[in-house]
Amino acid sequence: MQTYVGAPQLPSDDKRWKIVEATARRHGREPHALIETLHTVQECFGYLDENALRFVASVLRVPLSRVYGAATFYHFFTLKPKGRHACVVCTGTACYIKGAPLLLKAIEQRYSIKPGETTPDGELSLLTARCLGSCGLAPAAVMDSAVLGKIAPQDILARIERGIHP
Amino acid sequence: MTIEELRKIAETERAAQKKFQHHVCVCIAAGCLSGGAEHVRDALNKEVAESGMRNEVLVKGVGCMGLCSAGPLVTVETAVETAVNTDVQMFASVTPEDAPEIIRSLDTGGATGGDLAAAGLHPCPTNVPFFERQKKIVLENSGKIDPERIEDYIAHDGYVALVTAITEMTPLEVIDRVKSSGLRGRGGAGYPTGLKWSTVAKTGEQQKYVICNADEGDPGAFMDRAVLESDPHRVLEGMAIAAYAVGAQQGFIYVRAEYPLAVKHLKTAIKQAERMGLLGNSISGTRFSFHIDIRLGAGAFVCGEETALIASIEGKRGTPRPRPPFPAESGLWECPTLINNVETFANVAPIVRHGAEWFARIGTEKSKGTKVFALAGRVQNTGLIEVPMGITLREIIYDIGGGVPDGKQYKAVQTGGPSGGCIPAEHLDSPVDYESLARIGSIMGSGGMIVMDETSCMVDVAKYFMEFCMSESCGKCIPCRAGTQQLHGILEKITAGEATPADVALLEELCELVRHTSLCGLGQSAPNPVVTTLKYFREEYDAHVTGDGCPAGTCGCGAGTRACRAETRLGAPGSQTSGEVTL
Amino acid sequence: MSAHSPIRVKTLTIDGRECGAREDQTILEVARENNIFIPTLCNLPGLSNAGACRLCIVEVKGVNKLLPACVTHVSEGMEVTVNSERLAKFRRGILELVFAERNHVCSVCVTNGHCDLQSMALTLGMTHVHFPYRYPRLPVDASHERFVVDHNRCILCSRCVRVCDEIEGAHTWDIMSRGVECRVITDLAQPWGQSESCTGCGKCVQVCPTGALSEKGKSVAEMSKRRQFLPYLTLMREGRR
Ligand SMILES: Cc1cc2nc3c(=O)[nH]c(=O)nc-3n(C[C@H](O)[C@H](O)[C@H](O)COP(=O)(O)O)c2cc1C
Ligand code: SF4
Ligand code: SF4
Ligand code: SF4
Ligand code: FES
Ligand code: FES
Ligand code: FES
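If you read the sequences in order, they're chains A, B and C.
Our numbering applies: residue 1 is where the first sequence begins, and numbers increase by one.
Our numbering applies: residue 167 is where the second sequence begins, and numbers increase by one.
Our numbering applies: residue 750 is where the third sequence begins, and numbers increase by one.
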């Protein structure tokens, strides 16, 4: 059982925990650093697992339920690992009226996943975003880190295939 | 840093830039970046090096030039010693392969548009309404300066306002100038900025905070992002002047984590300003000290609401709390806190520099200055524009925007995002100012402006925004949490062609309830898109419930509705959902 | 405001009745002192206020928004309306939304007859729900040796969260997710019985206005909640300060 007193133990000797701890330290290990610290965890590990949430709670002296409440409130944080590749479809207003639903439909049909889900083989995560700032190029999407503008359903499928099987 | 020292840096920088005969600026802001602008810049640099023109040509990456739909954009400026005005040539849709031709065109000097087009380039005239009808204050440097170099900002009169304010003006004088300029908040509600400042200033000597709201949650807008990416120092300067005026020592910029480039530019800018003594302790040798830290948002629209934003900075769930007390009296850690929008802060330095009268001459009686809009949707020219207040919607959409493309019929323009409304053709001659837009049922909002044509179904649009509000509701208060869900349910029923007139009546009643009883602005304004579409496009609702089907052909055909439903995070009633859908 | 200034007295009217009040009081507190009923669900004297249920909304002359009485402080000459046709309709609407949101079947509920939500519906004359019931399938967690949490009955008033944090000091409860997906959770959303921080004091169960939190092994007749500890504990703590 986790103890709340004394210096918090790093969950393992994985170097990334030191980075997480450094963020907490930079903010004086104060409870208000919760979101900044969760950002660092997500940046380092890609998602927040139970170990991480417990560690953050103990370093910042924040109740466990508050950590969990915050981690699930903000949609930027994810509690499950993402797929090896991620396709983000913009569902902002401009993209919506220029056909974003059709992009989603095409991807959902081909890969049988809904926004927020990952294919069973862990290859692809389908995500949505609200406005990528490229409204001039609506509908827009991001495959891994490449921004795709004015993209049609069949093109996005081709682009995803190329991403997964280069 | 004194005014003289600042002038010297500006002079040195200008002289250094003048050494180059040609200035080639590549837009590397979000829009053009997605078109591959970075490769264009690299190709141009390579070309310059290879043609041995390193001492004549300066290639720099700059912020948004506005006409994002034609990107990647490149401008070429050639200093002609005799002419007063330098000659600017803009190129659209530039690819890395165009680099040699662009560099070659520099030598030929007076090449005409025809010559350039013949060379395979896409010259883009800048003497067209899209550029000429705009009036730039906030975006004056955007697309011109290198956002990662403080010297470039200083060369464009940067930080003169801050140093003047703290060395030559009292805080009260600064507040008076902002007050008499007539500047109002650009984050949506339009509260007079000077008045807000003086409320915070009057709280006496104690710990106070200045917060810049860069959460930009409207799902079809990117004004603040463009300002932060293209000219970050302008925002820092505005914040520092505000801090001096209200007596704050610490500032925070709450910026969306989804804007990594803006965050990067801000971080660089803060470091540079600190190194030059324009932020930090004893600025300009005065007793005024001011530090700025960045806090990342984490994907919650409601955190744009000021009390929720404060909760988020405090490390909590971003749920709003009832006001009063307003943050100006009790905000971050219960200290007096000034919260302004990015664009509001971006207006401050020019006002201090040019005076209140200069600013007050622009705009209408009650809405002064300019407003930046992200123009998008079914319009020819999409991108980022800055217009004087009082311009009509028609001028924006038809003159600047170039009208609706593909011979389609204009239907509505949506302003204010999920808190705003849809404006029909009959109100196209309405001026763009806070009061006029409110009178016709919409709001100024933060600057999203989406044009829709006959292919958009207004009920579907209302449903889209309701789905947004429902999934962004923080869940604290009953009317918004449960009310937006019910509103969305009714709208789904209507678009699926399963509703009756009684459902439309229930929809109207529920809008009233949610609007008047919700805790914060999100719930209070969530019904707006429904209310305005009911007001102006009632016949579309009727057509859906009387069995005539969707006039726009979007709903009921299956494609639209099913895809939207899948997009809904909630799933069907009764379904279990996972809590962690993320970006 | 300086700490030394004497507490000033204000006069205001509530539904036309003149009332005297200290300036640090809320409209709700003054109304209660004067035996004027304002409907509430999330407020509980002794806990901080959330302003979340919105049942206590009142009209104040000269203010174009409705204000929650539980957090709005009095001011001189304020004219407050608690009972009007419009407010009654809004309050019933809010209750209807709550009833439709989750599964409230009073006849089979452990707190039938002792439930604040149920009695509020009776008091406000909410006899019919105009909205479709959403019927979410929500779990019941009976893993705690003495208590049960039934999410089907929870109205997210956050009283349990506040009492556990502010009075017991354990902060076992919080709320996860957002919007309609919100749920009350213990620790890292694990079963209550496995909670490391819960002291088993039962305060949350006593303050819960509905059948969401209940004690095991009690008949419906014994289900009435005991809240007398709350004003007592608050008073004692203030005394110690
Ligand atoms: C739901 C909601 C979302 C908001 N989002 C933003 C936002 O993204 N950016 C912003 O500047 N203001 C936003 N606001 C307005 C802010 O609460 C606040 O009024 C504003 O930042 C004040 O700055 P200003 O006076 O300079 O406009 C939002 C308000 C609400 C109710
Ligand atoms: S109106 Fe909506 S977002 Fe605002 S407090 Fe209520 S539930 Fe939260
Ligand atoms: S029993 Fe006591 S400690 Fe446990 S959750 Fe309830 S209030 Fe908190
Ligand atoms: S469990 Fe009870 S006290 Fe806690 S939020 Fe739900 S209804 Fe309120
Ligand atoms: S709406 Fe999709 S990029 Fe802006
Ligand atoms: S992003 Fe390049 S012009 Fe707007
Ligand atoms: S009692 Fe005031 S909002 Fe619930």
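Treat the hints as calculated values from the structure; they're not laboratory data.
Don't be surprised by glycine CBs; every beta carbon is placed ideally from N, CA and C.
One or more hints might be untrue.
What follows is a list of derived Cβ distance ranges for each label pair [said to hold, decoys possible]:
(1) C:Ile756 - A:Gly28: 34 to 42 Å
(2) C:Glu834 - B:Pro295: 23 to 31 Å
(3) B:Asp208 - A:Arg162: 51 to 59 Å
Lysine to any residue pairs mimicking SDA-like chemistry, simulated, CA-CA at most 25 Å apart [said to hold, decoys possible]:
(4) B:Lys482 - A:Lys114
(5) A:Lys114 - C:Leu887
(6) C:Lys814 - B:Pro358
(7) B:Lys482 - A:Pro31
(8) A:Lys80 - B:Lys482
(9) B:Lys301 - B:Lys482
Consistency of the hints with the structure:
| no. | hint | result |
| --- | --- | --- |
| 1 | C:Ile756 - A:Gly28: 34 to 42 Å | 37 Å, holds |
| 2 | C:Glu834 - B:Pro295: 23 to 31 Å | 53 Å, violated |
| 3 | B:Asp208 - A:Arg162: 51 to 59 Å | 22 Å, violated |
| 4 | B:Lys482 - A:Lys114 | 29 Å, violated |
| 5 | A:Lys114 - C:Leu887 | 22 Å, holds |
| 6 | C:Lys814 - B:Pro358 | 20 Å, holds |
| 7 | B:Lys482 - A:Pro31 | 9 Å, holds |
| 8 | A:Lys80 - B:Lys482 | 21 Å, holds |
| 9 | B:Lys301 - B:Lys482 | 40 Å, violated |
Of the numbered hints listed earlier, those contradicted by the structure are 2, 3, 4 and 9.
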